[in-house]
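J.: As they're listed, the protein sequences go chains A and B. Be aware that the first sequence starts at 25, since it is given in this note's numbering, and climbs by one per residue. Be aware that the second sequence starts at 25, since it is given in this note's numbering, and climbs by one per residue.
Since the hints were derived computationally from the structure, they do not count as laboratory data. Incorrect hints may appear among the rest.
The list treats identical chains as interchangeable, and a pair is accepted whether it falls inside one copy or across any two copies.
[Unchecked claim] With a Cα cut of at most 30 Å, we get these calculated DSSO-like pairs of lysine-lysine:
hint : residue 1 : residue 2
1    : 592       : 170
2    : 532       : 186
3    : 551       : 32
4    : 294       : 532
5    : 255       : 219
Protein chains: 2
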Amino acid sequence: MFSHFSNKQILDANFGIEREGLRVTSNGQLSLAPHPEVFGDKKENPYITTDFSESQLELVTPVFHTTNDAIDFLDSLYNIAALELENEFIWPQSMPSVTPEEQDIPIATFSKQGKDESYRAYLEQKYGGKKQLISGIHINFSLGDKLIQTLYSKTNKQQSLKDFKQELYLKMTRNYLRHHWLLVYFLGATNTIHKTYEQQCVETLQEISEETYSNGKATSYRNSICGYQNKEFLTLDYSSIDQYVKSVTSYIGKGVIEDIRELYSQIRLKSKGIYSAENLVENGIEYLEIRTIDINPFIKSGLSVEDMNFIHLFLLYCLEKEETLYDNWQIESESNSKKVAIEGQNLQLELLKDGSPISLQNWGMEILHDLIEMNQQYGLPFYHLLKEKKEVITNYQKTYSYRLSELCKEKGYVKAHLELAEQHRKDAFSERFKLKPYTDMELSTQILLKESIKRGISFNILDRSDNFIELIKGTNIQFIKQATKTSKDQYVSVLIMENKSVTKHILKRNDIIVPEGEEFFDIDSAKESLGNWIGVPLVIKPKSTNFGLGISIFPNGAHEEDLIKALKIAFREDSTILIEPFIKGKEYRFMVIGDETVAVLHRVPANVTGDGISTIQQLIGKKNVDPLRGKGYKTPLEKIEIDENMKLFLQQEDFTIDTVLPEGKLQYLRENSNISTGGDSIDVTDQVPEIFKQIAVESSQAVGAKICGVDMMIEDLEDECSPYAIIELNFNPAIHIHSYPYIGKERNIAYSILKLLDFE
Amino acid sequence: MFSHFSNKQILDANFGIEREGLRVTSNGQLSLAPHPEVFGDKKENPYITTDFSESQLELVTPVFHTTNDAIDFLDSLYNIAALELENEFIWPQSMPSVTPEEQDIPIATFSKQGKDESYRAYLEQKYGGKKQLISGIHINFSLGDKLIQTLYSKTNKQQSLKDFKQELYLKMTRNYLRHHWLLVYFLGATNTIHKTYEQQCVETLQEISEETYSNGKATSYRNSICGYQNKEFLTLDYSSIDQYVKSVTSYIGKGVIEDIRELYSQIRLKSKGIYSAENLVENGIEYLEIRTIDINPFIKSGLSVEDMNFIHLFLLYCLEKEETLYDNWQIESESNSKKVAIEGQNLQLELLKDGSPISLQNWGMEILHDLIEMNQQYGLPFYHLLKEKKEVITNYQKTYSYRLSELCKEKGYVKAHLELAEQHRKDAFSERFKLKPYTDMELSTQILLKESIKRGISFNILDRSDNFIELIKGTNIQFIKQATKTSKDQYVSVLIMENKSVTKHILKRNDIIVPEGEEFFDIDSAKESLGNWIGVPLVIKPKSTNFGLGISIFPNGAHEEDLIKALKIAFREDSTILIEPFIKGKEYRFMVIGDETVAVLHRVPANVTGDGISTIQQLIGKKNVDPLRGKGYKTPLEKIEIDENMKLFLQQEDFTIDTVLPEGKLQYLRENSNISTGGDSIDVTDQVPEIFKQIAVESSQAVGAKICGVDMMIEDLEDECSPYAIIELNFNPAIHIHSYPYIGKERNIAYSILKLLDFE
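Only chain A is shown next, with the shape it has when bound in the complex:
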């Protein structure tokens, strides 16, 4: 089917994931607290919402073109949601935690009461609230448009592209149903149940450890009769979309189900727009919703990228695999699936294949061999993945279900799951500053996107390498570049800030103190005027530039020849340079957003503090372990690198990197305080006297800026009458340094930006 297709062509597909998860207390009780307010209106947040219960989080990814991106984003959603829960965890299994009595299970509430709540009440009535708490993973899958077109172009084109596409999806669906028992075996992860779960179910099982019930060989109670299923198995007509809808409608007519949404099949046929029978007939199948998958308790997001790839390959197999003629295939498939769910850890379990018995292991091995052959034939990259699955079909002790039951036996149901949840939360915290799969973008943009997603603001990446995004909520559409370049700043304000002499001129006029310096347009006139500056503490810098290039600082003054050198360096960067007096004190970065100083930061050079035992090199190693430190500006702080500069710097104090520092001794490792060379960021927002915050706001207002990084020298931060001077205004201030400082409170700058942009 895919002969002569490139790898890229075959794997052209779209993936969206929905993952549910119960909020539980630190005792594993279902949380009775309302859905966190920060996530906004449940109906309007496209990423984080609820399903049946108020306590049942639902994480929804947009459509991605690779399995990797979809899983990454799901993982990020987990991080965002988990870190907003106070003293609560996301239950890491599909089957519920400790459940209250039916009547105490809180149904999700909506800002506009109506159909959403009444439909949930109907379901609770019919299926019971405890079953409704079961959480799963749904994968929305479609073939890429180009792949469908290429496949179509290889036919004789006697049918329309649309009809061709419908047939593809119907064949995939039929084959999926026939073979999905294998996914139940591989991905089943619900072979233990808490004793507070539905008694009908618990009664049939044994207590294998504290509060843990199981039959000891199940793989997925969620996919069994204990799971959330229709009252009876509904066979449907998968021969054409019209026939399919007809068969569904007949069940509705008979009152078996209320509408198509109540059809809990392993795979759903979906069209564009809302999920309704009419829509399906009119628009045809646009994608498939795979509903077989249990949450993997060992994986933070609930689904590993390897399993996601396996599902993808499995679906392509369903597309390619020739179907056998066997009338009773639906009943047989359903029976196989249920058997595997309840008894799948028995590899010799007898399944039926077109009426003939075959063991789970043999049939599974057959399918795996087909997949391995397919992988090889088309040069796909899943060899290792398939090898691992082969081991799992050979050894049931490698299934998630077996591993989970062993853990429950050891620790008890609640503790086993809570420990996993706690570990996932810890991992989420250590990744809190980034947003997968956008880790190639600037950290500031990732932080802003993360905050937007949390609050249900939709985003589009307009230009990934340019960090150009779009945020949308209701009628508010905002274009944003590099997190701080927005519609709120006037172009000319930015140009003013870019020009140091114009900035100074305007600040002075507004009675804000700036260093009183001189401006030169050529080196000769600068040299002529050097007389007044020899021996004076001063700074020589180019008029423009934002990266510290060409700036020389002489805190103790300098000789003429050094000044001339510095002039030359500055003139390399700009045709105008400034000589300014050096201002005593420390430099602080004031982050002004709108009319408020939202954070103040002090940066100090890379440093270590001795412990009386470790060498400087060892201390650096320890400090670098911090997950906030990385390489290449993808983390809020950079790892401290040992280089020649550092060695020279240490030499001045007769130290080497092998020197052992006495306990408590703070040792700086460089002259400069740049974060990029391993410097530390220290939040001092709460220590800075109000007056300086006000001066920062006034400076920003003087140039008409709405987002502005104000660099201020202050001689004594404790003293609100301390001398100060504004050194520079930055129109593109980094936000991550305030969001995740090395020391001090993390400031939610991204939220301030969102408020400025009228997302409230």
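Since chain A is already given, all that's left is putting chain B on it; use the hints.
T.: Positioned in the frame of chain A, the structure of chain B alone reads:
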């Protein structure tokens, strides 16, 4: 006094100029039309206003630090004012043109009636309206602060800096009065009077040609009894500022004059703030107002930079020159001045110097020798200027007054002056696109400044090399860079326009047609996709960049290897490149300001049209004569340069630059239509169907831009249903190409920008 001072230190000074000039009809009659509305409220326009009469323009420069800049700006003010007069001219002489009866002379009116009008009525009553029409040049002069400080630092500092400064100015004033007769001789240019002037005066003179009256040897009737002077000569006490004010006040007490403003001396002592006796006592002398100078009819602005330099040197001479003791110096000076005014063309005229007779020529020569010595001693750059003045003192026929009377003799009073005025107007027109002394700034900025000045909007140059200016009127303060970067555009709009793929995305979403192309991030994937593009008319371009760099156009498609070359070229400029279909038709630049397309331009490559006689090279030479064409982007169009590219281009048609083109044949000289390589700009604003102007506005609005250059391809400009596509949006569109096109109407884009900036 200035020993060991550098040239720069000695010449450190401030200059401001006020120049009056009557508006006259093309018959030389005083205009009875009101002051042109475009100049706004007379009280609020700091540059162009009126003096006594509604028809008496007054041009006022800000303070400049060099004589050159002050004169340049005055000249620009002349251009701005003269070109706004319809069928009127600025009378080029201090003595009036054809004057109506006293009662018909229109006194200047003001928006708020009050003191201004009543004071004028009082003066008319007392001195007569005809005298009030006399127009002069006043120079406001002060020594540079640094110069004063340096001179002060050489004293023993027993008096305060302020007192020291007062003494400097009082000495200058006394010496000026003693020697200013020399300026009357050199700069006097009013030795002819029209027969309609005050009969008291005309009756004492002879008719030397048609309607021209003179005594044949005067230099300056304006400085004579025929000029505008107090009823009697008022001696004043110049020994100290207190004594000076006391002596003035005593005349006011006696009712001789109404207040200090009515004191018509040759030099006025001025303090900061309004001109009043109280202010003078309180704040001291801040500058001197030189009032001796007649308008030079031969110079457009009325004063040459050489004469301005002479006056500067003369004032420094007055500062340095030791004073002799002679009690009767004021009466003697006044008498000398009056004599020179009436009989100065007699070089043997007997003047009195400290009571002793001396001829005009001998004394003049004495002063000139002093000046030459001073020039040499301090290494000043005025040797040639002084040599010329020496010739004038040797030969009265070189005076402006003699030359003017000769011209009047030949052509009659009115014709002689009108011809000069017409020539000045022509010269003004050919310089209409530039604003001296800011010709080093971008043309667009000069044009915007010019329009601001015209309308009485004050300006500051914040950063000259950056073209960063500030415009102020009332409470409206606007910062502007490069004429089109303003407070009205959002920063993010600019960033959108800078990014071609984001721009296209947004335009498409707004149902605006853009070329449907592909985007590539590396050359390999671009190469892979080339298949669809081979032989297709297309454009390959980098995602960013505004200067046409890296763009390859294949209107007829190309082979793979050419496309790969073009890809490489594009990737040199950006890490993302676009391949787009080539759109048929011609490219037009739509200038959108606010919500309006204010101009549409078509650019064509450099070209000449044959005359059957001239070679291409000769035709280029003729075309390059146009004053709109210059070099280095200081003019609206560039001169066509003959280079290898052009020769190769001509070769394709078997032409060389020596080919003689048949009459009427239009021959293009290059492929590209850039104005920078000599292309022509053709205004088509009135030909473009409204629909395209609307599309341009919608494109601009889609990205939130307020000032936007929209580049649109249109297949057939005549057809409002023609296919089109938006090629690019430019956030920094040049305005000069629309303001001064090669063909078509000149569009006042600058005014549209001022309106956008709320200057109305």
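J.: Indicate, hint by hint, whether the structure satisfies it.
T.: A quick look at each hint next to the structure:
no.: 1; hint: 592 - 170; result: between (57 Å within a copy, 27 Å between copies)
no.: 2; hint: 532 - 186; result: between (69 Å within a copy, 26 Å between copies)
no.: 3; hint: 551 - 32; result: between (63 Å within a copy, 16 Å between copies)
no.: 4; hint: 294 - 532; result: between (64 Å within a copy, 28 Å between copies)
no.: 5; hint: 255 - 219; result: within (23 Å within a copy, 119 Å between copies)
Going through the hint list in order, the structure satisfies each hint without exception.
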